[in-house]
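Under the UniProt record's numbering, the first residue of the sequence shown is numbered 1, with each subsequent residue one higher.
The hints are simulated quantities; they were obtained by calculation from the structure and are not laboratory data.
A virtual CB, placed ideally from N, CA and C, is assigned to each residue, including glycine.
One or more hints might be untrue.
Stated by the list, open to error - Have a look at the derived ranges for each label pair, beta carbon to beta carbon: (1) 27 / 86: 32 to 38 Å; (2) 86 / 13: 31 to 37 Å; (3) 42 / 10: 37 to 43 Å; (4) 44 / 14: 20 to 26 Å; (5) 13 / 75: 20 to 26 Å; (6) 14 / 46: 21 to 27 Å; (7) 89 / 50: 23 to 29 Å; (8) 25 / 70: 37 to 43 Å.
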Amino acid sequence: MASIELAFVPDSEETRSARETFWASRLQAVLPMITRAIERGELPPDVDGRALIELLIAPIHFRHLLTREHADQALVGRLATAAIQAAQTVPAVQPGTRR
Numbered sequence: 001m002a003s004i005e006l007a008f009v010p011d012s013e014e015t016r017s018a019r020e021t022f023w024a025s026r027l028q029a030v031l032p033m034i035t036r037a038i039e040r041g042e043l044p045p046d047v048d049g050r051a052l053i054e055l056l057i058a059p060i061h062f063r064h065l066l067t068r069e070h071a072d073q074a075l076v077g078r079l080a081t082a083a084i085q086a087a088q089t090v091p092a093v094q095p096g097t098r099r
């Protein structure tokens, strides 16, 4: 229950800033991988890298934080395949917009 409760705790400015910095650094660390996939033709050039990463990690976080289920390599592989297939078939989501 604590993980759900934490979702409703208001952030202090310091907490918000630390969270934004943490996730921005994580995103910057994986964007080169997406760039290489674009260069190899595995992803479309207009892919939204952040949306792709969010699509991949959301189910893993869901399992870890909410259901306490294990995310093994087979699951991660299936999620990566699904995320790549979605990026190849769905028009890119523009940053700052919602569908």
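Comparing the hints with the structure gives:
1. About 18 Å separates the C-beta atoms of residue 27 and residue 86, a value inconsistent with the hinted range of 32 to 38 Å.
2. Roughly 35 Å separates the CB atoms of residue 86 and residue 13, a value that falls within the hinted 31 to 37 Å.
3. Distance hint for residue 42 and residue 10: a CB-CB separation of about 41 Å, consistent with the stated range 37 to 43 Å.
4. Range check, residue 44 to residue 14: Cβ separation about 38 Å, and the 20 to 26 Å hint is violated.
5. A beta carbon spacing of about 36 Å between residue 13 and residue 75 contradicts the range 20 to 26 Å that was offered as a hint.
6. Checked against the hint of 21 to 27 Å, the C-beta distance between residue 14 and residue 46 comes to roughly 36 Å, which is inconsistent with it.
7. The beta-carbon spacing between residue 89 and residue 50, approximately 18 Å, falls outside the hinted interval of 23 to 29 Å.
8. Separation of residue 25 from residue 70 is about 26 Å and departs from the stated range, judged on CB atoms against 37 to 43 Å.
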